[in-house]
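Protein chains in written order, with the working numbering: chain A, 910 to 1222; chain B, 2 to 211.
It cannot be assumed that every hint is accurate.
Derived pair list, reagent style DMTMM-like, types lysine to aspartate or glutamate, alpha-carbon separation capped at 20 angstroms [claimed, not checked]:
no., chain 1, residue 1, chain 2, residue 2
1, A, Lys1053, B, Glu84
2, A, Lys973, A, Glu1039
3, A, Lys1136, B, Glu107
4, A, Lys1193, A, Asp921
5, A, Lys1053, A, Glu1039
6, A, Lys1035, B, Glu84
7, A, Lys1136, A, Glu1125
8, A, Lys1053, A, Glu1028
9, A, Lys1053, A, Glu1153
Here are a few chain A residues that face chain B, going by a calculated C-beta distance under 8 angstroms [said to hold, decoys possible]:
no., residue
10, Asp934
11, Ser938
12, Val940
13, Ser941
14, Leu943
15, His1031
16, Val1034
17, Arg1048
18, Ser1052
19, Ser1060
20, Ile1061
21, Gly1139
22, His1142
23, Gly1143
24, Ala1146
25, Pro1200
Hints listed in this document are in silico derivations from the structure and should not be mistaken for laboratory results.
All values derive from a computational prediction rather than experimental measurement.
A virtual CB, placed ideally from N, CA and C, is assigned to each residue, including glycine.
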Amino acid sequence: MSRVLSVSPELDHQAFEALVAELPDATRSGVSILFDASAVTWVSPYGLIGLLALGREVEQRTGKRPMLEPPRNREVSGYMERMEFWPAAQNVFQLPGKQARRHGDSGALIEITSIRSNEDVHAVVKKVGEGARRILQGRLGYSKASVIHFSIMLSEVCQNIVEHAGSLGWACAQTYRWQRRLGREVAVLAVMDVGIGFEQSLGARNASTGSAAALEAAVLRGESRFKDRGRGHGLQAIRRQVLEWHGSLRIRSGAAMVGDIAEWERRLAAGAGGEYAPDRVSVKTGLPPFPGAQVMIVLPAAEESITPGPEAA
Amino acid sequence: MTRLGRSAGRRPSSGFGDAPEVVVEHAGFFSHLVTRSTGRALRMEIEARLARARGAAVAVLDLTHVVMIDYACADEIVAKIVERTGQGGARRVLALLRGVSEHTREPIQRALARRGLAACAEGTGGRGMLLGEIRDRENRAWEEVTRLGRAGTARTTEAVARRLGTGDRQATEALETLTARGLIFGDGSHYVSVAVMARADTSTASADDE
C-alpha cells in the first residue's frame, strides 16, 4: 500500500510548500510514498531541487525511499533530463526504469549539482564560469564583473550547506522569461539542503528562540554560531549583491522564511491582488516545518523599466 | 592553488634596528580561492613558514593570478594573517597584498573591515594602497612613509607632520598607530614601508637615510 502525493502542474516554490504541508500526515503511517509528478507542465529550479529535498525527507521519516512518477509532458521531462535531475534523483527515489541521460549543452546556468563537500563547492564555482558569462552578461545585461560576483554568491550559499547543514544539498539555476509576472527574463538560483537548519546551527552558540529568530539573526544581522567575528559574512554579502541587482532573496528554514524582496516584486504581488508590502524585509512564521535551509534568489534582467525602490538606489 | 617561496631571502640587520633579520615569505595564489577550509589550509601553510622566522617577517600574498576570492577565503587567508601583524615585538609579521584586482578587492576589503583591520596592498598596476578599516589621518601618514620608503625617525616624523598639517606629537601618534597595526615597520630609529621591506634589494628601493 502506498500514499500518493500529487505534484501541482506548476512545480515551483508554492508547490513545494503544498507538498511540505502534506508530509506529516502522509508519513505518519509509515506507508510508501509516491510523488505523482505526471501532471507537471512547468518546473522552476526551486521546484526541481525541492522535489529532491522532499524525497530525501520522506526517506528520513519513513525509512523507505519514495517513488516518483515522472511528468508525462515531453518538454518538461526533456528539460529535467537536460538539468540532470535524474542522476540526482536516483539517489533519492525509487524510479520506474532507467531514465534517459542528457546529451549536449543544457543551456542552463547551473544544472542540478549535489553538494556534499568543499570539493563540490569548488567544482560548481568553476563549472559556472562560461554559462554565467553567457547568461548574466548576454541575456540579463549585467556587467562583466557580474560573473565574478555571481560566482562568489554561489560559493557562499553552497558553503552554508557544507559548513552548517551537515547534510547533502543541491544547487540549480536557470533563466526563464517571467512573462506573466514581469515581462522579462529572470535568473533563478535555488540552493537547498535537508540538514540541521538555522535554528539548530545558531543554537550551538545562542539560546535557541525558534527558526524565525534564528533566520533573522543570521540573514538580517549577520550573526554566526561561531564567536569569531570574521564569520557571518556570507549571507550578508549575498543580500548586498541581490539588492545591487534589484533581485529578491528568500531563505526558508524550519517553520519560517525571511525574505528580502525587490520593489518590483512587491508591486507585482500587490497588483495580483495581494497587499503592497512597504518593507523589503519580510518574515513569515508558522510554515509547515521542514528541515535544513532552502534558498531562492531571483535576479531580473537589467532593464530600464525596472524602477528601483528608494532603498535600492 | 598556491606557490610558496622565500624568494627574497634573509636580510642583514643593518638599517632595520634590532631586528636580527627580515624574512620575506612569498605566497602566490592561483585560480578560484573559495571555501573556508581551502583558505584555512593555505593560511596554515603560510603561518608555518612564518613561524620559522627568528626576526621580523613580511608575508607577501600575491593575488595577481587569482580569478576570484570569496568572503570566507578572504577572511581565512588575508584577514587572519593580517590580524597577527604588528604582534610579537621584534618577531612581528607584516603583510603585503600584491596584485589586488577589481574582483578581489571587495571581499578582502570587507573581510578586513569586519575585523577592524587594515592591510598594505598593491593593485595590479603596482600602486600602493591601504585596504580595510583606516582613518584618513593614518592613510595620509602611511602615504608619506611609503613615499619615503625608509627614513630615520626624526625625518619621517617631520615629513608626516607636514603632510598632516599638525605638530610632531600628532605625527608621532599616527606613526605609532601605523606601526602597532603592522602597516609600517618602526624600530625606534627608522620607519620603513612594508613595500620596501618586501623588496629584495632595499638599497635601491629606499629613500635617503639620515
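These are the hints, each one checked on the structure:
no. : hint                  : in the structure
1   : A/Lys1053 - B/Glu84   : violated (32 angstroms)
2   : A/Lys973 - A/Glu1039  : violated (39 angstroms)
3   : A/Lys1136 - B/Glu107  : violated (23 angstroms)
4   : A/Lys1193 - A/Asp921  : holds (18 angstroms)
5   : A/Lys1053 - A/Glu1039 : holds (12 angstroms)
6   : A/Lys1035 - B/Glu84   : violated (30 angstroms)
7   : A/Lys1136 - A/Glu1125 : holds (17 angstroms)
8   : A/Lys1053 - A/Glu1028 : violated (26 angstroms)
9   : A/Lys1053 - A/Glu1153 : holds (14 angstroms)
10  : Asp934                : violated (40 angstroms)
11  : Ser938                : violated (42 angstroms)
12  : Val940                : violated (41 angstroms)
13  : Ser941                : violated (38 angstroms)
14  : Leu943                : violated (38 angstroms)
15  : His1031               : holds (6 angstroms)
16  : Val1034               : holds (5 angstroms)
17  : Arg1048               : violated (21 angstroms)
18  : Ser1052               : violated (11 angstroms)
19  : Ser1060               : holds (5 angstroms)
20  : Ile1061               : holds (5 angstroms)
21  : Gly1139               : holds (4 angstroms)
22  : His1142               : holds (4 angstroms)
23  : Gly1143               : holds (6 angstroms)
24  : Ala1146               : holds (5 angstroms)
25  : Pro1200               : violated (23 angstroms)
When each numbered hint is compared with the structure, violations occur for hints 1, 2, 3, 6, 8, 10, 11, 12, 13, 14, 17, 18, 25.
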